[in-house]
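A.B. asks: So you can see what is in the structure, the chains are spelled out below.
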Amino acid sequence: MANVLETLSNDLAATVQAASPAVVRVEGRRRVPATGVIWSADGLIVTAHHVVRRDERITIGLPDGSTRPAAVVGRDPSTDLAVLRVEGGDLTPAAWASGDGLGVGQLVLALGRPGRSVQATLGIVSALGESWRTPAGGQIDRYLQTDVVMYPGFSGGPLVDASGQVIGLNTSALLRGVSVSIPAATVRAVVDTLLAHGHVRRGYLGVGAQPVRLPEALAGQIGQETGLLIASVEPGSPAESGGLMLGDTIVALDGHPMHHIDDLLTLLSGDRVGKAVPVRIVRGGQVQDVTVVIGERVWSGSPDPDLGGDDANTLGATEHGDVAGRGSGSGRPGPDPKRGRGLRRGHHLAHGRPDRHERARHRRSRDAARRPAGSPDAPRDGDRL
Amino acid sequence: MLRVVLPDRQTLPATVIASDPDRDLAALMVVASDLPTVELGDSRSLQPGQWVMAVGHPWGVAGAVTGGVVIGMGAGLPEIPRAHHEWIALDLHMRPGHSGGPLVDVAGRLVGINTMIAGPDVGFAVPLHVVARFLKRALARQERVRSR
Chain W
1 MANVLETLSN DLAATVQAAS PAVVRVEGRR RVPATGVIWS ADGLIVTAHH
51 VVRRDERITI GLPDGSTRPA AVVGRDPSTD LAVLRVEGGD LTPAAWASGD
101 GLGVGQLVLA LGRPGRSVQA TLGIVSALGE SWRTPAGGQI DRYLQTDVVM
151 YPGFSGGPLV DASGQVIGLN TSALLRGVSV SIPAATVRAV VDTLLAHGHV
201 RRGYLGVGAQ PVRLPEALAG QIGQETGLLI ASVEPGSPAE SGGLMLGDTI
251 VALDGHPMHH IDDLLTLLSG DRVGKAVPVR IVRGGQVQDV TVVIGERVWS
301 GSPDPDLGGD DANTLGATEH GDVAGRGSGS GRPGPDPKRG RGLRRGHHLA
351 HGRPDRHERA RHRRSRDAAR RPAGSPDAPR DGDRL
Chain F
1 MLRVVLPDRQ TLPATVIASD PDRDLAALMV VASDLPTVEL GDSRSLQPGQ
51 WVMAVGHPWG VAGAVTGGVV IGMGAGLPEI PRAHHEWIAL DLHMRPGHSG
101 GPLVDVAGRL VGINTMIAGP DVGFAVPLHV VARFLKRALA RQERVRSR
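These protein sequence lines are chains W and F, in that order.
Quick note: the first sequence, position 60, residue 60 per the numbering used here, numbers continuous.
Quick note: the second sequence, position 20, residue 20 per the numbering used here, numbers continuous.
Careful, some of the hints might be misleading.
Some chain W residues well away from chain F (every beta-carbon gap over 10 angstroms; in silico) [stated by the list, open to error]:
1. E6
2. R31
3. A41
4. R68
5. G103
6. I124
7. E130
8. D141
9. Q165
10. L195
11. H197
12. R201
13. D262
14. D263
15. V290
16. V298
Short, incomplete list of chain F residues facing chain W, as computed with Cβ under 7 angstroms [said to hold, decoys possible]:
17. Q47
18. P48
19. G49
20. W51
21. M53
22. G72
23. E79
24. D91
Please keep in mind that the hints were generated in silico from the structure rather than gathered at the bench.
Every residue gets a Cβ at the ideal spot worked out from N, C-alpha and C, and that includes glycine.
Extracted from the complex, chain W is given alone in its bound form (with noise of 0.2 angstroms):
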């Protein structure tokens, strides 16, 4: 007698088992394994940057129990994805479905290998919407939203869909606290640049910028009414070679106006790398251009939430996230408040943290007395823009 509950378990478990042939095990860093989803036959495999902590030495767990040596061909922290190469071929790669017939409450299963056999949660999508821009600048196509639980070690894993194809790469590390999805469409461009790049470009301005209100007579004369006040420029920085200074309010950037930071990190796109763009400011009262070379930011590391919690033997030690079982010590959400939260208007963005020397002081105590022996560090990066 197969009833309808019967029928649909039996059906999940089996969409699981269709997806899990290009399903792999990435031991990237220390503690618990992650995820990646075979991208192609010949050898790649896409995963997520924050898990894979170093370039090289990293072993790929194949789903017939086989392990090969793999290395880094790119990342982009922006969007949290990684692309390896594993020796040699023969590989399963993944269906990816473009996800166009998705829609709020369909069924979504994540999938994870963290240990020798494939291992899955169960959820439905929770919201879709237009494309977003993380808050460490990358551009996603689609926002995807699901309720799915983000086991230990399911970070680079696949969203897989009723039919077993793959819709989206899981992450921890865009979003706290929600399970957001990169979509495929996003997942391929990425791939697409690391392949030919190696990295995503970002521009780089070296300022720390805040939206401010213009006094009447010049938004009168520049026909806005808010600009973005530099609150620092970083020492060496494109903005300083420019001639950007402390108290400067850029209005305008490569002809578009500044209203808000969001203006700011659309504008500092990877095309912009090298090119010199003139930006309009208010200085003293009276309207300047100047010209500023974009630079290319350079990433210095990222969180990696998934180690970021507890002792693995209390409640919350879960790749979600638990806020509540982190950070109590410090009143601090998370790893990164600003990553944590998004990006805000008001927000600092170049010296909005300590130095590295007191952000290294800070996390040796902190760890030392919250953390058990052996757990990994997460540097972070500097939001500098």
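Given the coordinates of chain W, assemble chain F onto it according to the supplied hints.
C.D. replies: Frame of chain W; chain F shown alone:
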């Protein structure tokens, strides 16, 4: 005193005949006859993604059920205590009071005993074949004690 309350609210005194703190299992014995028994399933054939239900007394609410899927099973699951033992990891919402209750498959057959949670969405159960082994040993010991 240890007591067992049946679904018809009949209360029986119970004694612990065996326990395994490492696996968080205990076997109790009551004096009764004609007790209903649970049908047994196959915990070795569980598959990730398969639907299961946990029955228990969360926060004291009797016979409450929560459903979800098997995440994975076996020894060496990441990020759980005593990972060298076999566990069933579960994507369902167990609460305090589900511990010790049955984990059943879609046909209501027992496949495990609910044990612990790791956060609000992840639970763990001892697979039935491990429970069976434990019970077999406990009963054999009872037999030896009785025959002395």
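A.B. asks: Could you check the structure against the hints above and give me the numbers of any it violates, in ascending order?
C.D. replies: Hints 1, 2 and 21 contradicted; others consistent.
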